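Chemist: Here the protein sequences come in this chain order: A and B.
First residue of the first sequence? That's 1 in my numbering, and the numbers climb one at a time after it.
First residue of the second sequence? That's 1 in my numbering, and the numbers climb one at a time after it.
Note that the list lumps identical chains together, so a pair holds whenever it fits in one copy or between two copies.
Under the rule of at most 30 Å between Cα atoms (straight-line distance), these lysine-lysine pairs were calculated in the DSBU-like manner:
id : residue 1 : residue 2
1  : Lys-117   : Lys-257
2  : Lys-117   : Lys-256
3  : Lys-295   : Lys-257
4  : Lys-61    : Lys-246
5  : Lys-295   : Lys-256
Worth flagging that the hints you see were computed from the coordinates, not collected in a lab.
All values reported here derive from a predicted model rather than from experimental measurement.
Listed here are the chains, written in short residue letters.
Number of protein chains: 2
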Amino acid sequence: MMTQQTLIPGVAGILDETRRWMRPAMQDAADRLHPGPRQISGFTFGWREADGTPRDGDGGKGVRPALAGLAAAAAGGRPEDAAPGAVAVEFVHAFSLVHDDIMDGDELRRHRQTAWKAYGIGAAVLAGDGLLALALDTLARSGNAEAVTRLTGVLVELVNGQAADSAFEDRAWSGPQAVTVDEYIAMAVGKTASLLGCAASVGWILGGGDAAGAGLMDRMGRHLGLAFQAVDDVLGIWGDPAVTGKAVHNDLRQGKKSLPVVAALSAGTAGLADLLAGRPDDPARALRAADLIEKAGGRRFTADLAEQELAAALAIIDEIGGGATPGLRAVAEYVVRRLA
Amino acid sequence: MMTQQTLIPGVAGILDETRRWMRPAMQDAADRLHPGPRQISGFTFGWREADGTPRDGDGGKGVRPALAGLAAAAAGGRPEDAAPGAVAVEFVHAFSLVHDDIMDGDELRRHRQTAWKAYGIGAAVLAGDGLLALALDTLARSGNAEAVTRLTGVLVELVNGQAADSAFEDRAWSGPQAVTVDEYIAMAVGKTASLLGCAASVGWILGGGDAAGAGLMDRMGRHLGLAFQAVDDVLGIWGDPAVTGKAVHNDLRQGKKSLPVVAALSAGTAGLADLLAGRPDDPARALRAADLIEKAGGRRFTADLAEQELAAALAIIDEIGGGATPGLRAVAEYVVRRLA
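Whenever a hint applies, use it, and build me the whole structure from the sequences.
Modeler: Structure representation (structure tokens):
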């Protein structure tokens, strides 16, 4: 599958280099688990098939660890100084995917079965708990209390973001009970952006950086995360199925109140709420809904937000400065512009 | 319901006093959750009915917080100095119950619906995650890195203990693949005892105690936890249904490889393995299995272990000494001798 990785100079090298120090650190942490949850973790990371057969995969691009490593370098350390934080953030990300797939009943992720589908709900709940426990213990053992407190605070945000997203499902499509753009953004900051902020700020701290810089890195990562979510929401409606691996107009068919939808509805588009409330399963109605959202400016609003947030992230990267700037800029662009 | 609480001088007062500083600290932490998981937490703690109606309950006796408070006092602090650790341990305990009930498919706990039964699996998974996130963040915010690292290490033990317990279900009832007594004890240390050790050692640290004393407190709590588990296993077979709220011979009917069973099987009792493998659902066969286990010495072995572990815990309490000794002794005896 073609990605824009090749279009952004240096990103492939950064991601490869990050994997070099990440993989052993992740393996060391995962090896502390009982064989049951350990096998599910290996499956989740793409290291193994569901039956335990070794597999040559890496389960995702590893942008969070790359951000952490670059932030450590920006603070004057080596990228691998960020390893305990990078492992922690990557394990928290994996934990959240495993549990979210249970909550959402999703059976596929990255063209493979989800953990609960392959191993059962109970085993997947426990494997997620194990990933979270290892995340926290790996970072706590590094002895950096400030980094730990950043991660635990973000954990609370993650749970509340997921809870808010879940509660959106029961909200009205129009009227005073409808989801607002501000509510959507607050949800996305908790559910998605906070962990990218954590990756960058914890990496900075582990690289020897100060508290003020950690605050900047956190803001940078959050801008980036929000930009990523906005792009993801555009792709969820208008993305090419051959690239996204999902159906055309997937988010509309699933009745998701994503940002283009919320933005279009808040503009008061006639007929859109009724159309969406009926879950437009057939292609023609889904296409009509997508067109209404686009005409109402929902797509443009979301794409503009992504650009603004990326620009804000890049401005902070430039403000921090130093030798890691080109790498951070490249990964930031990659996170937002990646196609899959 | 009659409990032995009244028979151990001072315990009722200690538990009441602990609730005085625990309840507001728990409420403050729980209030940080999104309304969805917050409501489930309130239900789990016995503060609310499933529909959100306030309820005058306290969801358990609070022996872990009491241990933490007494350990803080033993270290020279005030009991309430242990509050962040006590909240953390109590929330971790609640998290493990909510997730374990999903894994085990249990529909009732303490004569009430379990969280997943009342709210659905997805919401219960998230509420458990929220309790765990708050546990960690509450302790991390207290600024004591040593206490945090103790808790995160115990989290890994908890997950591995639960995984081991779950894996026991698929093991043979006899032969070289049968669960050994040592394996059972290692499982129980992780799943049950480690968190009591954490309550005591973290309380000690938050009360201003040193590392050597924290190690002693951890060992004390683990002995206590193992004694508790042994007593629980005896009650799981021979407990009075009117007191335990479970069926006669409950653990045998459910095919649980509890300690009396494992000990009896390792003694090579003729016919017992076959009887248990068939899940003795009818009262007569369950009674026969219980009698075989008792004749093979499984009950005696387990009861003796409980007494030895309690004695070991009390010896450490006496070794530590100081004004908190009577309170710690009383709670230790209460944990092990309590009927429900």
